[in-house]
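Undergrad: Chain V is fixed; fit chain F onto it per the hints.
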Amino acid sequence: MSVPVSVRNLEKNFGRYPALKDVSLDVAAGELVALLGPSGSGKTTLLRAVAGLEQTDAGQVLFGDVDAGSLSLRERRIGFVFQHYALFRHMRVFDNIAFGLRARPRRTRPSEEEIRVRVTELLSLVQLEGLEQRYPAQLSGGQRQRVALARALAIEPRVLLLDEPFGALDARVRKDLRKWLKQLHRRTGHTTLFVTHDQDEAFELADRIAILNHGVIEQVGSADDILQRPATPFVASFIEGIGRKPGGVPLATAAE
Amino acid sequence: MAMSERLLPLAHQPERATSETGLTKAVLIAIAALFLCAILFLPLVMVFLEGFRKGTEVFLESFAEPDTQAAIRLTLLVAAIAVPFNAIVGLAAAWAIAKFEFRGKNLLLTMIDLPFSISPVISGLVYVLLFGAHGWLGPWLDRHDIEIIFAVPGIVLATVLVTFPFVARELIPLMQAQGTAEEEAALTLGASGWHTFFRVTLPNVKWALLYGVLLCNARAMGEFGAVSVVSGHIRGLTNTMPLHIEILYNEYNFVAAFAVASLLAGLALLTLVAKSLLEWRFAGELAASHRRH
Numbered sequence: 026m027s028v029p030v031s032v033r034n035l036e037k038n039f040g041r042y043p044a045l046k047d048v049s050l051d052v053a054a055g056e057l058v059a060l061l062g063p064s065g066s067g068k069t070t071l072l073r074a075v076a077g078l079e080q081t082d083a084g085q086v087l088f089g090d091v092d093a094g095s096l097s098l099r100e101r102r103i104g105f106v107f108q109h110y111a112l113f114r115h116m117r118v119f120d121n122i123a124f125g126l127r128a129r130p131r132r133t134r135p136s137e138e139e140i141r142v143r144v145t146e147l148l149s150l151v152q153l154e155g156l157e158q159r160y161p162a163q164l165s166g167g168q169r170q171r172v173a174l175a176r177a178l179a180i181e182p183r184v185l186l187l188d189e190p191f192g193a194l195d196a197r198v199r200k201d202l203r204k205w206l207k208q209l210h211r212r213t214g215h216t217t218l219f220v221t222h223d224q225d226e227a228f229e230l231a232d233r234i235a236i237l238n239h240g241v242i243e244q245v246g247s248a249d250d251i252l253q254r255p256a257t258p259f260v261a262s263f264i265e266g267i268g269r270k271p272g273g274v275p276l277a278t279a280a281e
Numbered sequence: 079m080a081m082s083e084r085l086l087p088l089a090h091q092p093e094r095a096t097s098e099t100g101l102t103k104a105v106l107i108a109i110a111a112l113f114l115c116a117i118l119f120l121p122l123v124m125v126f127l128e129g130f131r132k133g134t135e136v137f138l139e140s141f142a143e144p145d146t147q148a149a150i151r152l153t154l155l156v157a158a159i160a161v162p163f164n165a166i167v168g169l170a171a172a173w174a175i176a177k178f179e180f181r182g183k184n185l186l187l188t189m190i191d192l193p194f195s196i197s198p199v200i201s202g203l204v205y206v207l208l209f210g211a212h213g214w215l216g217p218w219l220d221r222h223d224i225e226i227i228f229a230v231p232g233i234v235l236a237t238v239l240v241t242f243p244f245v246a247r248e249l250i251p252l253m254q255a256q257g258t259a260e261e262e263a264a265l266t267l268g269a270s271g272w273h274t275f276f277r278v279t280l281p282n283v284k285w286a287l288l289y290g291v292l293l294c295n296a297r298a299m300g301e302f303g304a305v306s307v308v309s310g311h312i313r314g315l316t317n318t319m320p321l322h323i324e325i326l327y328n329e330y331n332f333v334a335a336f337a338v339a340s341l342l343a344g345l346a347l348l349t350l351v352a353k354s355l356l357e358w359r360f361a362g363e364l365a366a367s368h369r370r371h
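As they're listed, the protein sequences go chains V and F. With my numbering applied, the first sequence corresponds to residues 26 to 281, in that order. With my numbering applied, the second sequence corresponds to residues 79 to 371, in that order.
Hints in this document: simulated from the structure, not taken from any laboratory. Hints may contain errors.
Cβ pair distances, simulated, as ranges [unchecked claim]:
| no. | chain 1 | residue 1 | chain 2 | residue 2 | range |
| --- | --- | --- | --- | --- | --- |
| 1 | F | Met-189 | V | Asp-232 | 52 to 62 Å |
| 2 | F | Arg-181 | V | Asp-51 | 33 to 43 Å |
| 3 | F | Pro-231 | V | Ala-193 | 46 to 56 Å |
| 4 | V | Phe-39 | F | Pro-231 | 15 to 25 Å |
| 5 | F | Lys-177 | V | Thr-213 | 31 to 41 Å |
| 6 | V | Arg-132 | F | Phe-360 | 34 to 44 Å |
| 7 | F | Leu-155 | V | Ser-97 | 39 to 49 Å |
| 8 | F | Lys-177 | V | Asp-51 | 29 to 39 Å |
| 9 | V | Asp-232 | F | Phe-178 | 33 to 43 Å |
Glycine is no exception: its CB is placed at the ideal position from the N, C-alpha and C atoms.
Isolated chain V (complex conformation) (with noise of 0.2 Å):
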């Protein structure tokens, strides 16, 4: 179900401002990786490239062998979460997330009946079971995240990737639905890309984390390798911080 993902070599310049400089990337089927960077630091560029949403200007992305740019977005069949979860706000939350089995053409489109129980399934994996029925305005932030991670599992999505899925939420919300995004990850297993600026969000939650500075990747590893090697000064500032979470690894080790 999931594959692999390889970014090669992309590039994206938005007027003679460069996005991404030369970024390349792999994540293996079923692993969970962070983007980390500072605003502007071309993270959200490299996730909308990846869904081919933005076009890019040379590099290519892989699913598996097959060269992503040959195919249309619904080929490309990518469960993406907006940072704002873009609902579709005249749509029930049970119409929201049977959207893309109904949007299918009509050879593939499952019977209402197989939406039903698909939608009634997807509905207790998020725990919104018995809100089918409401609009996207009367929900609280966290419950509108999961309809719209639900909406994006209802496609059987190969890649599964997130913007900022933690965002627009407040503290307590964000830390409940990071572990639940965790037990998730681990029992549907989704090769996962997600976006953040949180330090301790992406080394709670990822295998592995790049992190992203000006468009260009500086450092991609695991927590455990970013903490003790960081490559360059730049992560070893941003990181900073981070050492002192109980369980991590302390700072002045990292910094050795």
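TA: Just chain F now, kept in the frame of chain V:
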């Protein structure tokens, strides 16, 4: 007494910055009501009263006149062409402006506003200059036996031009505020462009679209200046309702003039009632679609 309370914000009843005394509120409401009554409501009532001055029979007789019937038919025909056209083109223009970045976007925005800022008479004259007998394309049209000026096509063109901004203007701010995220979400979920448009974009703007169409329709039926220039005032052929009212009025046929005027006003009122009914009927859905995250 009231003054001393104001000076002590920490007294028993803390006042909000926006709260006003009962008197201020009453005065403001009275001013607004009086103004609306004098400027809008009374003249409207007068139109109907004048129309019915010599009784219902005479009022109805005014509509038996073939020229009047022709004017009503022409007005409805023009609206039936101009409104759908402006709804579709306005939607397309609003979409282009709100959802894409391109060179000349500000120019396009300004051009959409142009019919609002120039006098309708000038809008009419432009077409006379273009298509009139002595206009740029006049001789060519004449050779091919195509009539635009002093004929129905000219009236439709002038009406389209004058009423173009209503739909686009209503949609642009809403579509800009909504952004493109929902469309992008639909596309990543595998929806085609058409599916995305009909299931996501259009439902999100349907109320604004409806308001725009209703306003556009009211103006299309009531347009006087531009249509007056291109129509030629041929009775029974190129007179719309507003033009016909003017002719009747100038001929001192006041009852007939006000009878037709009250029908025109009635159509406008009907539009407003339709809008209010729809708002009332779909109040819940309306609130849901306008609330922001």
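Undergrad: Evaluate each hint against the coordinates.
TA: How the hints compare with the structure:
1. The supplied range of 52 to 62 Å is met by F:Met-189 and V:Asp-232, whose beta-carbon atoms lie about 54 Å from each other.
2. Hint check: F:Arg-181 to V:Asp-51, Cβ distance near 39 Å, so the stated range 33 to 43 Å holds.
3. For F:Pro-231 paired with V:Ala-193, a C-beta distance near 54 Å keeps the hint of 46 to 56 Å intact.
4. The beta-carbon spacing between V:Phe-39 and F:Pro-231, approximately 46 Å, falls outside the hinted interval of 15 to 25 Å.
5. Roughly 33 Å separates the CB atoms of F:Lys-177 and V:Thr-213, a value that falls within the hinted 31 to 41 Å.
6. For V:Arg-132 and F:Phe-360, the hinted distance range of 34 to 44 Å is satisfied, since their beta carbons lie about 35 Å from each other.
7. Restraint check, F:Leu-155 to V:Ser-97: a C-beta distance of roughly 44 Å satisfies the suggested window 39 to 49 Å.
8. Taken as a hint, the range 29 to 39 Å holds for the pair F:Lys-177 and V:Asp-51, whose Cβ atoms sit roughly 34 Å apart.
9. For the hinted restraint 33 to 43 Å between V:Asp-232 and F:Phe-178, the CB-CB distance of approximately 38 Å keeps it satisfied.
Hint compliance for this structure: hint 4 is the single one not met.
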